[in-house]
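Residues per chain, in single letters:
2 protein chains.
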Amino acid sequence: MASPARGFSVLGGRLSRLPAQGGSAVLSGVPVAARRVFRGFRSSGVRHDAIVISGTEMAKQIQKEIQRGVESWISLGNRRPYLSIILVGDDPASHTYVRKKIRAASAVDHVDERAVCNGIAPEKDVDGFHIINIGRLCLDQHSLIPATASAVWEIIKRTGIETFGKNVVVAGRSKNVGMPIAMLLHTDGEHERPGGDATVTIAHRYTPKEQLKIHTQLADVIIVAAGIPKLITSDMVKEGAAVIDVGINYVHDPVTGKTKLVGDVDFEAVKKKASFITPVPGGVGPMTVAMLLKNTLLAAKKLIY
Amino acid sequence: MASPARGFSVLGGRLSRLPAQGGSAVLSGVPVAARRVFRGFRSSGVRHDAIVISGTEMAKQIQKEIQRGVESWISLGNRRPYLSIILVGDDPASHTYVRKKIRAASAVDHVDERAVCNGIAPEKDVDGFHIINIGRLCLDQHSLIPATASAVWEIIKRTGIETFGKNVVVAGRSKNVGMPIAMLLHTDGEHERPGGDATVTIAHRYTPKEQLKIHTQLADVIIVAAGIPKLITSDMVKEGAAVIDVGINYVHDPVTGKTKLVGDVDFEAVKKKASFITPVPGGVGPMTVAMLLKNTLLAAKKLIY
Numbered sequence: 514m515a516s517p518a519r520g521f522s523v524l525g526g527r528l529s530r531l532p533a534q535g536g537s538a539v540l541s542g543v544p545v546a547a548r549r550v551f552r553g554f555r556s557s558g559v560r561h562d563a564i565v566i567s568g569t570e571m572a573k574q575i576q577k578e579i580q581r582g583v584e585s586w587i588s589l590g591n592r593r594p595y596l597s598i599i600l601v602g603d604d605p606a607s608h609t610y611v612r613k614k615i616r617a618a619s620a621v622d623h624v625d626e627r628a629v630c631n632g633i634a635p636e637k638d639v640d641g642f643h644i645i646n647i648g649r650l651c652l653d654q655h656s657l658i659p660a661t662a663s664a665v666w667e668i669i670k671r672t673g674i675e676t677f678g679k680n681v682v683v684a685g686r687s688k689n690v691g692m693p694i695a696m697l698l699h700t701d702g703e704h705e706r707p708g709g710d711a712t713v714t715i716a717h718r719y720t721p722k723e724q725l726k727i728h729t730q731l732a733d734v735i736i737v738a739a740g741i742p743k744l745i746t747s748d749m750v751k752e753g754a755a756v757i758d759v760g761i762n763y764v765h766d767p768v769t770g771k772t773k774l775v776g777d778v779d780f781e782a783v784k785k786k787a788s789f790i791t792p793v794p795g796g797v798g799p800m801t802v803a804m805l806l807k808n809t810l811l812a813a814k815k816l817i818y
Numbered sequence: 514m515a516s517p518a519r520g521f522s523v524l525g526g527r528l529s530r531l532p533a534q535g536g537s538a539v540l541s542g543v544p545v546a547a548r549r550v551f552r553g554f555r556s557s558g559v560r561h562d563a564i565v566i567s568g569t570e571m572a573k574q575i576q577k578e579i580q581r582g583v584e585s586w587i588s589l590g591n592r593r594p595y596l597s598i599i600l601v602g603d604d605p606a607s608h609t610y611v612r613k614k615i616r617a618a619s620a621v622d623h624v625d626e627r628a629v630c631n632g633i634a635p636e637k638d639v640d641g642f643h644i645i646n647i648g649r650l651c652l653d654q655h656s657l658i659p660a661t662a663s664a665v666w667e668i669i670k671r672t673g674i675e676t677f678g679k680n681v682v683v684a685g686r687s688k689n690v691g692m693p694i695a696m697l698l699h700t701d702g703e704h705e706r707p708g709g710d711a712t713v714t715i716a717h718r719y720t721p722k723e724q725l726k727i728h729t730q731l732a733d734v735i736i737v738a739a740g741i742p743k744l745i746t747s748d749m750v751k752e753g754a755a756v757i758d759v760g761i762n763y764v765h766d767p768v769t770g771k772t773k774l775v776g777d778v779d780f781e782a783v784k785k786k787a788s789f790i791t792p793v794p795g796g797v798g799p800m801t802v803a804m805l806l807k808n809t810l811l812a813a814k815k816l817i818y
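Residue numbers (the working numbering), protein chains in the order written: chain W, 514 to 818; chain D, 514 to 818.
In short, the hints are calculated from the structure, not lab data.
Even glycine gets a Cβ: it sits at the ideal position worked out from N, Cα and C.
Careful: at least some of the hints might be erroneous.
With the C-beta cut set under 8 angstroms, the calculated list includes, among others, these residues of chain W facing chain D [said to hold, decoys possible]: (1) L596; (2) L652; (3) G678; (4) Y719; (5) T720; (6) Q724; (7) I727; (8) H728; (9) L731.
Please build the complete structure, drawing on both the sequences and the hints.
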């Protein structure tokens with residue numbers, strides 16, 4: 514059920530490269546000031562495709578930062594941070610996350626997921642699923658934040674996408690993705706753990722499709738974590754909005770006859786209208802792995818608890 | 514700092530009556546089916562004012578239910594439930610809540626509010642502010658729910674206001690009111706602690722006023738907990754929307770020259786457009802006291818923990 518303890522370099526070395534996005538600029542780790550350049554570029558009146566945010570490239574940068582953090586931590590005589598993985602059940606997305614290597618674990622008898630999450634010491638809970646970490650997150654206190662939510666936050670902040678007073682739609686209300694993303698983005702920028710100060714709309718499976726469209730058309734930022742291919746189409750997106758795609762869907766490709774990984778956004782059409790967009794694969798996925806490693810370092814250094 | 518332990522009847526007996534609302538029907542504790550009658554009534558094409566929901570009357574009903582619960586609990590040989598109050602700081606709204614009697618407590622040196630909340634055993638935390646109760650609330654598990662959020666939920670459900678797939682705006686993001694209301698209303702109706710399955714927009718001080726109006730005009734239910742008199746005006750409300758006013762504001766009345774209590778809604782104008790509306794005073798306030806007592810009974814009977 515549990516894999517052996519592992520260092521950073523093992524998972525880190527396995528990150529796959531983002532396939533080239535023909536014709537679109539690729540942005541990663543660009544500081545806030547750079548966004549003004551892109552805006553000027555747009556103001557020429559010529560219609561350009563969205564800037565495709567490379568999660569893969571951004572994740573590499575973060576992993577370099579973490580690697581430096583680990584080395585300086587060890588150089589002070591501390592133990593190397595390590596990460597243990599416990600897998601419950603057989604959710605395909607979880608499998609993607611911890612790689613096929615752990616598939617054998619799905620054979621174990623079912624155990625209560627919440628009991629497992631709460632059974633881990635909160636200060637070692639790098640997934641951020643322990644009730645104390647969820648509670649602290651929801652109270653705007655420092656905590657270990659679920660890695661996918663943290664990845665979305667980091668993509669937004671490092672790209673310089675504005676959230677203060679902006680309209681954000683989060684499509685999806687799962688406890689490890691949609692809920693914490695909505696929590697990070699609507700909360701106060703001056704609290705202990707700063708939030709995004711955005712007006713946040715939480716949509717989900719029972720939001721009528723035509724109402725979802727009304728909300729997304731108002732949104733400056735759309736974050737979609739619904740698990741529905743092409744849920745977000747170009748007619749639903751306001752000109753110049755930022756679109757962050759958290760979807761992980763395996764679909765049959767009629768051209769190649771093979772299964773391929775897609776997100777929840779109609780990427781090719783939406784990128785013609787959005788200002789920023791994340792691809793799948795190569796967007797939120799690699800950033801999630803990077804943020805898990807960042808949590809591991811935070812936990813090892815006892816910076817939260 | 515702490516008041517003596519007290520029984521239900523003491524606080525209960527102090528509830529003030531709702532002033533008569535001239536010309537409007539007063540609804541309290543009407544079962545869901547009754548709403549259809551009101552709808553038919555409306556379909557005649559004649560414009561009628563909103564049904565004014567009497568929190569005072571609904572709270573009395575709930576207190577009777579609690580009283581019966583207490584009596585049957587005691588009759589089984591159990592100890593009478595009791596409520597202790599700890600007050601930190603000098604917030605006027607808190608004072609209203611626990612009555613002027615405890616004003617003397619404001620003289621104590623400042624202590625950390627979060628530490629006090631977490632210092633109470635979660636199973637006795639009838640305010641629902643302990644991190645474990647917040648965490649469980651946000652994970653859709655049974656918990657002691659902050660009384661104001663619980664009051665809003667109960668008003669909506671007992672009045673028969675629909676939330677499934679509806680647009681809800683929550684104006685205000687405080688951790689004891691706005692946040693838990695948004696949490697209750699957007700979450701899954703089939704989880705351990707059922708949610709409202711609504712599409713929820715969380716607005717706050719940094720939501721531009723014109724954006725707030727766009728969102729409230731789309732809303733089937735507006736819940737306002739911002740502390741700003743007349744924040745919600747009639748032009749912001751969709752015909753037939755339900756409006757729940759959580760505001761507590763003391764304003765100078767130029768007519769009488771005295772201070773009076775008002776909510777966040779322009780009541781007289783909005784009631785002409787809404788289907789349901791809660792007054793201030795006599796709406797959410799008395800229901801909050803009732804739900805605090807309900808939490809006390811739940812805690813005494815150990816029904817949550």
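Where does the structure disagree with the numbered hints, that is, which hint numbers, in rising order?
The structure conflicts with hint 1 only, although it agrees with all the remaining ones.
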